[in-house]
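2 protein chains.
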Amino acid sequence: MQVDGKHYRSIWFDDDSATVRIIDQRWLPHRFLIVELTSRKSFCDAIRDMWVRGAPLIGAAAAYGVAAEMQNDASDSALDEVCNELQQTRPTAVNLVWALNHMRQLLQGLPEQQRAAIAMKRAHEICDEDVECNRQIGLNGLQIIKNIAENKDVGQPVNILTHCNAGWLATVDWGTATSPIYHAAQADIRVHVWVDETRPRNQGAQLTAWEMDSHGISHQLIVDNAGGHLMQHGDVDLVIVGTDRTAANGDVCNKIGTYLKALAAKDNEIPFYVALPSPTIDWNITNGIAEIPIEERDGQEVTHVWGKLEDGNLASVQISPDGTAAGNPAFDVTPGRLVTGLITERGVAPATSEGLAAMFPKFSG
Amino acid sequence: MQVDGKHYRSIWFDDDSATVRIIDQRWLPHRFLIVELTSRKSFCDAIRDMWVRGAPLIGAAAAYGVAAEMQNDASDSALDEVCNELQQTRPTAVNLVWALNHMRQLLQGLPEQQRAAIAMKRAHEICDEDVECNRQIGLNGLQIIKNIAENKDVGQPVNILTHCNAGWLATVDWGTATSPIYHAAQADIRVHVWVDETRPRNQGAQLTAWEMDSHGISHQLIVDNAGGHLMQHGDVDLVIVGTDRTAANGDVCNKIGTYLKALAAKDNEIPFYVALPSPTIDWNITNGIAEIPIEERDGQEVTHVWGKLEDGNLASVQISPDGTAAGNPAFDVTPGRLVTGLITERGVAPATSEGLAAMFPKFSG
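Residue numbers (our numbering), protein chains in the order written: chain D, 1 to 365; chain W, 1 to 365.
It is possible that some hints are incorrect.
Chain copies aren't distinguished; within one or between two, either way the pair holds.
[As the list claims (entries may be wrong)] Computed cross-link-like contacts, SDA-like style, restricted to lysine to any residue with a CA-CA straight-line distance of at most 20 Å:
#1 K121 x A74
#2 K362 x H192
#3 K6 x Q156
#4 K6 x T340
#5 K362 x R190
#6 K41 x A185
#7 K6 x G109
#8 K266 x R337
#9 K121 x G347
#10 K362 x I289
#11 K362 x I285
#12 K152 x I292
#13 K146 x R346
#14 K6 x A358
#15 K266 x P335
#16 K152 x F13
#17 K152 x E36
#18 K266 x I289
#19 K152 x W51
#20 K41 x H7
Quick caveat, the hints were computed from the structure, so don't treat them as lab data.
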């Protein structure tokens, strides 16, 4: 999407320099840094140390990492090594595993001299496929926003609340939860976005607010506590969030706090939608709350907050007493009964076993 | 309550120096500073600039402020001036108005030479009355905790979630929501407290976590997003929060985010109690959500977070892009239907018009 009037993807191939470039997201929103990835090490660092994050973007970066390695050394051993090294950067990332297996299978049967070109072509395609998937999600979500806009008074924006960053920075472009928003803006529908800051890591404040600001979409940052009050008072027309993993029964695992917003939406009869590319549906899980394991992360994410000091330097401040123990579950599961619909690239499915099975009959067997 | 093994109130008269002392709460949890208040100006500063906060504590500080002035100058004009000046420090604080009107009425009919002694005696009594009220709240809440403890496996703590700081730092001693917790600890009932950090001002992280740590009560800090997930997984037995204002129908106005926790408690069939001294009941308001005006505070509270840098200095960091607009409603209203009971100094009342009227027949008109 746009940054200061110029279109960016979160990862791209720069034709002039013939290198892969990314936005080093560690410094957002305070620094907008573009980094060239060339060596195997630079790709590994970028994924491991979260210069790039978000499942689709990690997959794309891994594919480019393999392709870049093939330009340097297209031997079987180099292919093995680069795949193994990249896989270890974030061993639990499903898209990373998928992209690496995919590239390895594609390349290992080919003569060495063809590998570099085919790998790079496939990496480009993986990016384009992600963009197209998110574009379809956006078009499907756009219908929902359009319907709401038609029932608003003239000149009144559609107020959309979102949690965390399921934006273009987490994908290659468009994002998932944000794609309907960008499409609405493109269709000249007035939208206003309530951006949950999303403690503890503040992806909303750091990334979603930056996306909205950079693309020129009306928005306000709020604390995660505020959404319920806004919904009670008619200030939210629609909630759209992303998901890290969707169970086959429509339960949705997303950033911690999503469940609370879904409860408030239900209590105030406000539509609550989850945007997702279908590969994030885990067909093996039939009860999200009982079966999806929730990562418990370092308490320091809770006790410390990172940002920009008055002098422009970046630093963390400790908000609690020395030595305070913190609990830090990173995700929660929103039961499908609280979800109005799942916005996928194929259409909007009910968040039920039947709804998902009907939309994806091939996978749900 | 205890700080490093020594008992403190949040405001007290020091016999040796014959002065009023407070904990300057602006620096907690990073600095524990005790300040002597002597001049009229120092009392005004302490209330206006939030060295002390919390309705009961503000009332007590105002009463002491009048008493201290009477020691310097007990004339009618001095009484007028100190009341007027103190009232302007936080014009919307109900307890402040109450305490000043109370002191003025008590003193204005008295001969000047009696005023200082009577004013000081009354200020002491106001403090003691607050402590006794909170003690009764604690004893009533203790029964609830005891009942839960009896149904837990041996050795398992009662897990209590609280939001914001309705602790002894907001009152003279015991606190309201924390009083049952301190009483349970005193009765050797094992408790573990989940402390919501309470964005945007982080009163949970700064004050409640400090109280729990200082008194030696097992606790963990969590982000405001985490409570729903913990409730889904059986890690919360009970929620107790305070309130700034309770409507006659049992709707409860408290720090922003309380409503979301009440929804999650309801969804998981976990008891959700609100602790309050009966003077915070507003008998004129019969529909809390519709009638209680919600203060919208400065967006900088959302975009900036204060804490301790690695070098020990205190500073704020900006978490969002430059110029991000923020929405900052300071409170929300939890409908009485989500509240299991109101823990008052008289007993536990249902959060309904009938429940409150039955417990306080004199006030409910």
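Against the structure, test the hints numbered earlier, and report the numbers of the ones violated in rising order.
2, 3, 4, 5, 6, 7, 9, 10, 12, 14, 16, 17, 19, 20
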